[in-house]
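Novice: Let's have the full structure, built from the sequences with the hints guiding it.
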Amino acid sequence: MNSKANPSNETDATNGGLDGGSHGHIELKYQPAVPVPKGKLAVWLFLSTEIMFFTALIGTYIVLRFGAPEGSWPTPGDVRVLEWLGAVNTFVLICSSVTIVFGMEAAKQNKAGKAKSWLFGTFVLGCVFLGIKAYEYNSKFEHGIHPGTPRSLLYDRADLNYLSAVKSNLDAEILSLEKEKTALVSESVVPHDHDVLDTLVLIRAGLVQWTQRTVGEAENPMMRELALESLAHQINPRTSNPRVEAYLASENADVKNQIAELMGQQETVEQDVREMQERIDVLSEQLKAEQDDARKPDIESELSAATEASKTAATKATELVDLLTPLENRVSAYEQFNGLHEGLNEHFHLKLPMVIPSGNTWANTYFLMTGFHALHVLGGLVAFMVLLMLRLDRSRAGLMENVGLYWHFVDIVWIFLFPLLYLF
Amino acid sequence: MNETDAINRDATGNSNTKVFLFVFLMLCALTGISFWVANSYLMENRVVGWSAMMLVSVAKALLVILFFMHLWWERAWKYVLTIPALFMGVLLVLLLVPDVGYRYLTYSKDRRENAPKPVVSDTIDVNPANYEIR
Numbered sequence: 001m002n003s004k005a006n007p008s009n010e011t012d013a014t015n016g017g018l019d020g021g022s023h024g025h026i027e028l029k030y031q032p033a034v035p036v037p038k039g040k041l042a043v044w045l046f047l048s049t050e051i052m053f054f055t056a057l058i059g060t061y062i063v064l065r066f067g068a069p070e071g072s073w074p075t076p077g078d079v080r081v082l083e084w085l086g087a088v089n090t091f092v093l094i095c096s097s098v099t100i101v102f103g104m105e106a107a108k109q110n111k112a113g114k115a116k117s118w119l120f121g122t123f124v125l126g127c128v129f130l131g132i133k134a135y136e137y138n139s140k141f142e143h144g145i146h147p148g149t150p151r152s153l154l155y156d157r158a159d160l161n162y163l164s165a166v167k168s169n170l171d172a173e174i175l176s177l178e179k180e181k182t183a184l185v186s187e188s189v190v191p192h193d194h195d196v197l198d199t200l201v202l203i204r205a206g207l208v209q210w211t212q213r214t215v216g217e218a219e220n221p222m223m224r225e226l227a228l229e230s231l232a233h234q235i236n237p238r239t240s241n242p243r244v245e246a247y248l249a250s251e252n253a254d255v256k257n258q259i260a261e262l263m264g265q266q267e268t269v270e271q272d273v274r275e276m277q278e279r280i281d282v283l284s285e286q287l288k289a290e291q292d293d294a295r296k297p298d299i300e301s302e303l304s305a306a307t308e309a310s311k312t313a314a315t316k317a318t319e320l321v322d323l324l325t326p327l328e329n330r331v332s333a334y335e336q337f338n339g340l341h342e343g344l345n346e347h348f349h350l351k352l353p354m355v356i357p358s359g360n361t362w363a364n365t366y367f368l369m370t371g372f373h374a375l376h377v378l379g380g381l382v383a384f385m386v387l388l389m390l391r392l393d394r395s396r397a398g399l400m401e402n403v404g405l406y407w408h409f410v411d412i413v414w415i416f417l418f419p420l421l422y423l424f
Numbered sequence: 001m002n003e004t005d006a007i008n009r010d011a012t013g014n015s016n017t018k019v020f021l022f023v024f025l026m027l028c029a030l031t032g033i034s035f036w037v038a039n040s041y042l043m044e045n046r047v048v049g050w051s052a053m054m055l056v057s058v059a060k061a062l063l064v065i066l067f068f069m070h071l072w073w074e075r076a077w078k079y080v081l082t083i084p085a086l087f088m089g090v091l092l093v094l095l096l097v098p099d100v101g102y103r104y105l106t107y108s109k110d111r112r113e114n115a116p117k118p119v120v121s122d123t124i125d126v127n128p129a130n131y132e133i134r
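Protein chains in written order, with the numbering used here: chain A, 1 to 424; chain B, 1 to 134.
A portion of the hints provided could be inaccurate.
[Said to hold, decoys possible] The list that follows gives simulated cross-link-like pairs (lysine-lysine, PhoX-like), each with its CA atoms no further than 20 Å apart:
| no. | chain 1 | residue 1 | chain 2 | residue 2 |
| --- | --- | --- | --- | --- |
| 1 | B | Lys78 | A | Lys40 |
| 2 | A | Lys179 | A | Lys167 |
| 3 | A | Lys38 | B | Lys78 |
| 4 | A | Lys114 | B | Lys18 |
No lab work stands behind these hints, which were simulated from the structure alone.
Specialist: Below is the structure:
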């Protein structure tokens, strides 16, 4: 197999069958271009295609990441990435690379038992890696981070599109909870998650509908932007945002002033209603007591005027209530939700749409890269299982080496993924 | 060939074990270094921090590929299989740089208005004391 070890064959082959000795019998000899076993050559060829495959994936991510303007890429906290967990997984894979190298060395020294235990260790470490990966995937799914539509809850910026997404999401959730509640009531079961429904209704009235109104009425585009941003901030605060917090506080003070003003108006209107009622009572008494028919029409006309005035006052009172209700909802929403540092989604375990700039790009690339990597790990584990069924003596050292080469490549891919996904 | 190779390496088997352990320690240390870089002053200039972490990763990959994958001890065929693949991969990435890497430099007005919005925005700065609602 090795050309250097067999120089005489080489001269035969270069001469081909052209020398006169053996007419009719051209003796073809296999001359390997690469002086390694065929299996190892195949693995290396496969790995060189894999290099191109993963460089394309990782390189695209690098170009996307480096090209994102500052601040427009999710931070690890945004997308629920735990740096230390990634570091643990890196360590697990490094250890597994070492164990499989020792396994191969043991096989070369014909120590089959030792080789098998090293290989088993590698297998276990690969399973640990996949377990941690599964845990990480799950924590992302729980927080609404999915690879793209229809499940993704991530939006690039707080705009009208985002607002309508929050609204329709909330409406659907409230509708299903109400249905559930009526179903429970008809089965005469006491509904227990009353609070969730109440919270959602308050969010709809005090945050979403309020923001819709503010956005609709705002003349200043900055105000519109602040209102939308504050909604996104209350649902899922990315960092502490002093600008939005100051906006919310000053708005709250303003709303309270308006409420006080309206309450004053309400009081005078209620006074009017009471006075009119008294006047009506007095007039109708007079009308009953009056004997003189000539004076009756005067009192009647006074009475109808008083009734009219009382009706107007009552209408004004209901109008005031209509004006007050959204303001009061806003204040109670502010009081109830403003202290929550982790945001509504986290605090109440809701799944409202969130604003994370480039969040979907991140999620797509993250799941694509780690998913393909995890599939490769899975492939390695299958190969280990096959190897574990064999007797790993010297004759299998080449096989061990081939599987090891593949496994080290998987490790190398993770070596690049770890800083890119966890530390950048 | 396989067996002769194995026997050859058996002769230096002990030193190989030492090499592998040394590489293992180096890999752990380098992981620690990239973790340190991510939380250090180097990240004040993000391109410097990122480049440092990428260099650490390249060093780690080289250690694995040279020693765990035995390329250090292989003959010249290793270049035939690795260099062209690496070249193609890097070329592909470089081809993406003008269109993807510099994408935000050529955003249209429309595109900019719908692009992911950075957290810290210099264009909009409002003092809440200066406005009233409605």
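Novice: Are any of the numbered hints broken by this structure? If so, which, sorted upward?
Specialist: none
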